[in-house]
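Chains as they are written, first to last, in numbering that gives the first Met the number 0: chain A, 0 to 569; chain B, 0 to 79.
If you are wondering where the hints come from, they were derived from the structure by calculation, not from laboratory data. Fair warning: this is a prediction, and the values are worked out from it, not measured in the lab. Note that beta-carbon positions come from the ideal geometry of N, C-alpha and C, so glycine has one too. It is possible that part of the hints are untrue.
[As the list claims (entries may be wrong)] Straight-line alpha carbon distances no greater than 20 Å define the calculated SDA-like cross-link-like pairs of lysine to any residue that follow:
(1) K33/B <-> S531/A
(2) K33/B <-> V515/A
(3) K96/A <-> A331/A
(4) K373/A <-> Q444/A
(5) K528/A <-> K19/B
(6) K96/A <-> K19/B
(7) K96/A <-> L40/B
(8) K126/A <-> K33/B
(9) K96/A <-> D59/B
(10) K373/A <-> P385/A
(11) K126/A <-> L62/B
(12) K126/A <-> E163/A
(13) K459/A <-> Y60/B
(14) K126/A <-> Q63/B
(15) K19/B <-> Q281/A
[Stated by the list, open to error] So the derived list for chain A, only partly shown, Cβ under 10 Å to chain B, looks like this:
(16) H119
(17) R254
(18) T270
(19) N274
(20) E276
(21) N526
(22) Y527
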Amino acid sequence: MILDLRKYQSLGEALRDALERWPDEVCLIEADRERENARLTYRQFKEAALPLARALQNEGFPAGTRAAIVMTNQSKWLISAYAIFYCGGMLVPLDYKLTPGEQIKLLAHSKAEILIVEYHLWRAVMKADGFRGLGTRLVLVTEAPPGADLGGAKRWEAFRGNGEPLFVARSRQDPACIVYSSGTGGSPKGCVLTHENYLEQCMALTALYPFWPGVRYLSILPTNHAVDFMIGFIGPFTCGAAVVHLRTLRPEYVREAFKRYKITYMTLVPTVLKNLERGLRQRFDELPKARRGILNSLIRVNRALTRRRPNLRLSRALLGQVHAAFGGELRALFVGGAFTEPATLQFFYDLGIPVGNGYGCTEASTVITLNDFKPFRADTVGKPLPGMEVKIVSPDAEGIGEVAARGKTVMAQYLDEPEITAETIVDGWLLTGDLGRMDATGHLQLFGRKKNMIVTEEGKNIYPEDIETVFDGLAVKEYCVFAANYLWPARTMVGEQLAIVVHPEAGQSITPEFAVEIGERNRRLLNYKRVSGYVVWDRDFPLTASMKIKRGELAEQIRQALDRSAVVPL
Amino acid sequence: MSSLQNTTNEVLRLAAEHFKVPREQLSADDDFFKTLGINSLQTLDLLTRIEQHFQIELPDYELQGVSDFRTLAERIQSRL
Numbered sequence: 000m001i002l003d004l005r006k007y008q009s010l011g012e013a014l015r016d017a018l019e020r021w022p023d024e025v026c027l028i029e030a031d032r033e034r035e036n037a038r039l040t041y042r043q044f045k046e047a048a049l050p051l052a053r054a055l056q057n058e059g060f061p062a063g064t065r066a067a068i069v070m071t072n073q074s075k076w077l078i079s080a081y082a083i084f085y086c087g088g089m090l091v092p093l094d095y096k097l098t099p100g101e102q103i104k105l106l107a108h109s110k111a112e113i114l115i116v117e118y119h120l121w122r123a124v125m126k127a128d129g130f131r132g133l134g135t136r137l138v139l140v141t142e143a144p145p146g147a148d149l150g151g152a153k154r155w156e157a158f159r160g161n162g163e164p165l166f167v168a169r170s171r172q173d174p175a176c177i178v179y180s181s182g183t184g185g186s187p188k189g190c191v192l193t194h195e196n197y198l199e200q201c202m203a204l205t206a207l208y209p210f211w212p213g214v215r216y217l218s219i220l221p222t223n224h225a226v227d228f229m230i231g232f233i234g235p236f237t238c239g240a241a242v243v244h245l246r247t248l249r250p251e252y253v254r255e256a257f258k259r260y261k262i263t264y265m266t267l268v269p270t271v272l273k274n275l276e277r278g279l280r281q282r283f284d285e286l287p288k289a290r291r292g293i294l295n296s297l298i299r300v301n302r303a304l305t306r307r308r309p310n311l312r313l314s315r316a317l318l319g320q321v322h323a324a325f326g327g328e329l330r331a332l333f334v335g336g337a338f339t340e341p342a343t344l345q346f347f348y349d350l351g352i353p354v355g356n357g358y359g360c361t362e363a364s365t366v367i368t369l370n371d372f373k374p375f376r377a378d379t380v381g382k383p384l385p386g387m388e389v390k391i392v393s394p395d396a397e398g399i400g401e402v403a404a405r406g407k408t409v410m411a412q413y414l415d416e417p418e419i420t421a422e423t424i425v426d427g428w429l430l431t432g433d434l435g436r437m438d439a440t441g442h443l444q445l446f447g448r449k450k451n452m453i454v455t456e457e458g459k460n461i462y463p464e465d466i467e468t469v470f471d472g473l474a475v476k477e478y479c480v481f482a483a484n485y486l487w488p489a490r491t492m493v494g495e496q497l498a499i500v501v502h503p504e505a506g507q508s509i510t511p512e513f514a515v516e517i518g519e520r521n522r523r524l525l526n527y528k529r530v531s532g533y534v535v536w537d538r539d540f541p542l543t544a545s546m547k548i549k550r551g552e553l554a555e556q557i558r559q560a561l562d563r564s565a566v567v568p569l
Numbered sequence: 000m001s002s003l004q005n006t007t008n009e010v011l012r013l014a015a016e017h018f019k020v021p022r023e024q025l026s027a028d029d030d031f032f033k034t035l036g037i038n039s040l041q042t043l044d045l046l047t048r049i050e051q052h053f054q055i056e057l058p059d060y061e062l063q064g065v066s067d068f069r070t071l072a073e074r075i076q077s078r079l
């Protein structure tokens, strides 16, 4: 019997009951290559977390204290998060893949007083500019080698208090987390998500895709992301299920984990799904011709018999070897974060491995729509979750307009940004900036973006404002980075690219050396954040009274005067 | 112990083999994402090959933010 989340006020309260309800069930497994680092039951999880909570309270931890976690997916992430919620704290999960400078900036913006961080990440932060100005009053470092210089931080493993910690109650409307959806370069956008946001989202998701004791969820998306935090932590834990963490995401170890741990569900991004598809197709192609023919026939039979809805038992019987390669217990994969080709979704569905293709954003706690397989629709991102309303704002003749969502999972606000919050949430409707259309059966189809940003195949959201500083000092009069599809709208969500628009000084000509300089600056950015080309623009940029570029207006001018051929590839 | 130069050469040779490109097309300061046209997932594949060759363990985070062969070789060298 899973927890009835309607009766809970906070994540801490729900998790506390979960730990009591399934004391002997396994809740966490952490593996690294062939080794298993940890395997914890709910009782052991509690025994690991409560002394940490006690020690936090001994240091002074009033309700609402903001505590950040910067860690890869591992057991100490979840143990720390539970200790923070138990004490009534507000969790700030930060992306471990950000640069140390970006992490320092977001720590300052969130006003986190406490930081819990892995040693290798902390070592990088200690070397970064801005480290001296770090405002945290307590830093706990996990897995530090003996004798390591921790720069005043404490060891997580030794930070334990004696005695029972005090459970601190929170209400549904209190903030549970601040999750950054963008803003490492420009204005940080910290989504303030309440306990109610998470509890409601959890109820909706587990109603569609139930967890129960014995279910094993393979967690490979970063836990700081809203998706893994929900489906790889809160969801399984409030249902007595188990989460499996891998310390390496090499494809061969991920494949092995399916079999070793009999995985039930996993969420991934389109690139990883595509990689799995490629591997399977290659193995199919290597089969002798006769066996390949039999396999193709079985796939066709499975497809015909599961047209209306998935039938796991049948699919496993027909295509046993394929399912055995995934451990034999896999019920569904989830994919989101970026566009997934319908052919890839269909490929897996035909094998009897349904892929729940979803759509959402951090501002809505994570998921807005999800495929429910009734029936499977590879060409859509599914229907709105229970309790979520979706509408299309100002649809054109084809019914395509901006996707807006309303429901109890929509965030409270952007931290300290009332104006941007008011522009984003209008009369309770969250304006997503994505373009879509609802079809006659209530499925959402996406057609590109209205906002100035791109999403990579790996599900990374890149905002021009966040990468522009790398071009500071570029020898031109002014410059501005845009998503190419924002300048020239395109009804596609694949192959999105960024371009830098440069306005030379009077009489300045753009030489090949200049392109080299842009290229060199580009290389300071992580590979997926780089601009793909430049556009030369010969007019002054429109500016606000405070000398900021009016991006929308500039984009409109460029759109009127130039087309895509103006982009010079780098 | 192998020198950094040797390690770099070995990494270039392994990358050329793994991604089936002529060795002479690769140089130490190349941005491997661009030169090889690969994504971060494919670089993880190369990492496994490198681990086997040098008989070391390289955590995934060692590759974070690395996009050229020379820096990759430095990370390997520090673990030899």
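Going down the list of hints, with the structure as the test:
no., hint, verdict
1, K33/B <-> S531/A, "holds, 11 Å"
2, K33/B <-> V515/A, "holds, 15 Å"
3, K96/A <-> A331/A, "violated, 27 Å"
4, K373/A <-> Q444/A, "holds, 16 Å"
5, K528/A <-> K19/B, "violated, 26 Å"
6, K96/A <-> K19/B, "violated, 29 Å"
7, K96/A <-> L40/B, "holds, 14 Å"
8, K126/A <-> K33/B, "violated, 28 Å"
9, K96/A <-> D59/B, "holds, 11 Å"
10, K373/A <-> P385/A, "holds, 14 Å"
11, K126/A <-> L62/B, "holds, 18 Å"
12, K126/A <-> E163/A, "violated, 37 Å"
13, K459/A <-> Y60/B, "holds, 17 Å"
14, K126/A <-> Q63/B, "holds, 16 Å"
15, K19/B <-> Q281/A, "holds, 17 Å"
16, H119, "holds, 6 Å"
17, R254, "violated, 12 Å"
18, T270, "holds, 6 Å"
19, N274, "holds, 6 Å"
20, E276, "violated, 13 Å"
21, N526, "holds, 4 Å"
22, Y527, "holds, 7 Å"
Consistency with the previously given hints fails for numbers 3, 5, 6, 8, 12, 17, 20, ordered from lowest to highest.
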